[in-house]
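Colleague: If you're matching them up, the sequences are chains A and B in order.
Sequential numbering of the first sequence, starting at 1, is according to the numbering used here.
Sequential numbering of the second sequence, starting at 334, is according to the numbering used here.
Don't read these hints as lab results, they were simulated from the structure.
Computed from a predicted structure; not experimentally measured.
Misleading hints may appear alongside valid ones.
Unchecked claim - Covered stretches of chain B (in silico footprint by chain A; criterion: 3 or more residues with CB under 8 Å from a CB of chain A, positions within the stretch not fixed): (1) 336 to 347; (2) 391 to 401; (3) 409 to 418.
To be verified - In silico lysine to any residue, SDA-like type, Cα no more than 25 Å apart, as pairs: (4) B/Lys788 to A/Glu302; (5) B/Lys399 to A/Lys221; (6) B/Lys399 to A/Val79; (7) B/Lys615 to B/Arg825; (8) B/Lys362 to B/His524; (9) B/Lys794 to A/Trp23; (10) A/Lys147 to B/Lys425; (11) B/Lys425 to A/Trp23; (12) B/Lys486 to B/Ala504; (13) B/Lys787 to A/Ser36; (14) B/Lys788 to A/Ala266; (15) A/Lys147 to B/Lys461; (16) B/Lys349 to A/Ser238; (17) B/Lys461 to B/Glu450; (18) B/Lys352 to A/Ala161; (19) B/Lys590 to B/Lys615; (20) B/Lys352 to A/Ser248; (21) A/Lys242 to B/Asp843; (22) B/Lys787 to A/Met236; (23) B/Lys352 to A/Ala157; (24) A/Lys44 to A/Val26; (25) B/Lys788 to A/Ala157; (26) B/Lys787 to A/Val235; (27) B/Lys425 to A/Arg269; (28) A/Lys319 to B/Pro365.
Heads up, the beta-carbon is just placed ideally off N, CA and C, and yes, glycines get one too.
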Amino acid sequence: MPLLEFTSKGIYCKQADVYLDPWRGVDKALISHGHSDHARWGSKRYITHHTNVPILQHRLGKVVVTGKKYKETFRINGVQFSFHPAGHVPGSSQIRAEYKGEVWVFTGDYKTQLDGISTPYEPVHCHTFITESTFGLPVFRWEDPTKIHQQINQWWAANQAEQTCSLLMGYSLGKVQRLLKHLDPSIGKIYTHGATEQMTEVLRPFIDFPKTELITPATSKKVLEGNLVLAPPAVMGSAWMKKLGRVSTGYASGWIAFRGARRRRAVDRAFVLSDHADWEGLLSAIKATGCENVITTHGYTELFAQYLNEHGWNARTQKTQYASETEEILSAE
Amino acid sequence: MRRFAALIETLDGTNKTTKKVAALTQYFKKAPKVDALWAVALLSHRRPSRPVTTTLMRTWAAELTKLPEWLFEESYHIVGDLAETIALLVQKEGTASPPSLKDCIEEIIALKPKTEEEKKQYILHQWKTLSHLERFVFNKILTGGFRIGVSQKLMTRALSKAVHVDETILAHRLMGQWSPQTTTFDQLLLHPNPEDQISQPYPFFLAYPVEEASFFSKENVEDWHIEHKWDGMRAQLILRKGKHFLWSRGEELITDKFPELNVLTDQLPSGTVIDGELIPFKDNCIGNFQDLQKRMGRKTVTQKLQKDIPIVLMAYDLLELEGQDLRSQPLRKRQQLLDRLLKEYPTAPIMLSEVYQFTDWEQVRREREKASEKRSEGLMIKHKEAPYGVGRKKGIWWKWKSDPKSIDAVLTYAMRGHGRRTNLYTDYTFALWNEGELVTFAKAYSGLTDVEIKKLDQFVKQNTLDRFGPVRQVNPELVFEIAFEGIAPSSRHKSGIAVRFPRISRWRHDKKIEQANSLEDLKQLLQ
């Protein structure tokens, strides 16, 4: 019997009777991170990394949730569990499970790049590695993020010079805070959409961010001129956006690595910045675990597994309900 | 080339027309003229002929990137653009100074007669030394198809701002066949020699679909010429200095495809340019579009083909007479002159498209209903006093097509799109019932909203039965109303029927697949 199995409710550890990132309500759920496709409503008890506790409470309301430190081990019916940094968003963790000397790691989502707000990814030795493969194609390779942040600040400064408001969009948990962390507040003031502001507030106790100001119906177009607004992608083209006055639109995502996707988005500036590992990132992470078996869960799962099989791993694909193939689920957050 | 690549990046990075025009203008002002001329050529779809097949490029790219060929192919299907796929996969950021645009293109042209090994060496060298963006542009020049959201009109506008020559004059100078290899920037755009230009066509004037809701209540029918909209191939016939030239709307010289028009040089006076439609015409009857396609499809036009499918020019406008450009004259006047001219030469293989004058729009509506009887696609509505314009311009020429035919069909396959639709399943195959089975009858790409495309993309990804490279077979579950213009029997299609311009007119959420139409229903529409 495998230590972790894939059931209709989610990834299940039978020995410990717990689920990892289940997509249905269960008794006990270990949660990798706060994104809505991984931390779902309806379970009786949640166990996750400390940082995720307020995130889960913010998103799921009154839930019973216990926080753990990174690498803190705990036992459930003989199975030893621990959370390890995944570098995806603040609080994101790989979940390690060990039973009778056999080690499995479930990554949730991760990236090997440093983002300045999440605890950096750490490889964990294991026998079986359950990995995301959102960008598991060799065409995905991320540029040095410091370069992207520079471009963003340059874009903002150029808009500032033309007294145009910069509307910078990214999803509410992780991406927006990553953007905020690297904005240069000497250029101007930073305003936020409600969804952005709330999530950033939740994370402020853990991370030092520049000051932001929430946009309210009283905020005039005049005060926004030359300043920057952070918002979720869903505002693109909305009535809310029209109230901002003259804007230059910017969107940060890994999904716009292709020209076609950029054109489809129809934003003025597209910044390729992802919180998932790129092709090289995935391969280096897998190598670093020393694993023999790989299970790909979401993204370009089949192609990635096929490549791994040709290169000496025992790899297969498992269907899950984590956001994959399409950016829309993520950007709907 | 670096400057041109930067231009492409700027054009790609904005969807605001003013910014695009500004970037292009800046480029045309600053770039060396030899490069600027090549840029004009590329942006008006005049590219050097392809020195290598894309198959070779794919093989070489897979080899260079040390990726298995299947993974390279999959990547290509997902990115949806070969030039971009190679640019992304060859992970090198060359810092060496790239060749100028002119030199680069001339090197590509010089490549054509070389051996495969020499070609490979050159292309691999470029891939390894160029930066990501330059590599993309280089591949685009190699593979052709420079579609970057810049229309010829936009390019001409920018060029006009850069060289201070009127836009319509430039549009005319840019028409026809020219190559930066045989002309210069100044010669082509600033000081053209009329002697060199006897074959040069005028820019075609194009119509917009009529805005039915407002047009008829607003406009007085007596201000308008009504004609049938002929279902053939738009063409411009030029007779100058004892020679004749026939141009398609895509600015291709098609004189050789229609030898029956050769007699015109004897029958019509030099210094004449006629705008019209090439249509099959046999035994006093207008043929159908498929016949015309048969003629266009053949490399050589045999006597037999000319006899089986004779072609005439259905003339509807006169752009030049006795060497004088008539385009600024009102349509009424041009039409009179055309009428008079053709009456003088009754034996020429040219017919005059009849002009109708009605006293109320109801009569026009009734005439439109005769479209299939008269073998037209509907009507053209042209303002009597209007000059002949350049390109598509609203308000002067309208097309009022016949209502399309439609049929409810089942979605059976989907393929990933290209360009703006990269990585979305947007190319669909539809089937109709035939003896309890679904038989493919048409492919359609257009007609859905962006929101519907996203929903359908999700459906395809979640309901895949089988994969064939970029194509997915899906659960037959969804019904769509497919509209189309023409319909004809076809031995090339599995269904035995070919439809023209199929597109999705509605997603029939209300229908189950059992309620979709049958092949028999489609055949009924053949009449």
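Colleague: Tell me the hint numbers this structure goes against, listed in increasing order.
Modeller: 5, 6, 11, 21, 25 and 28
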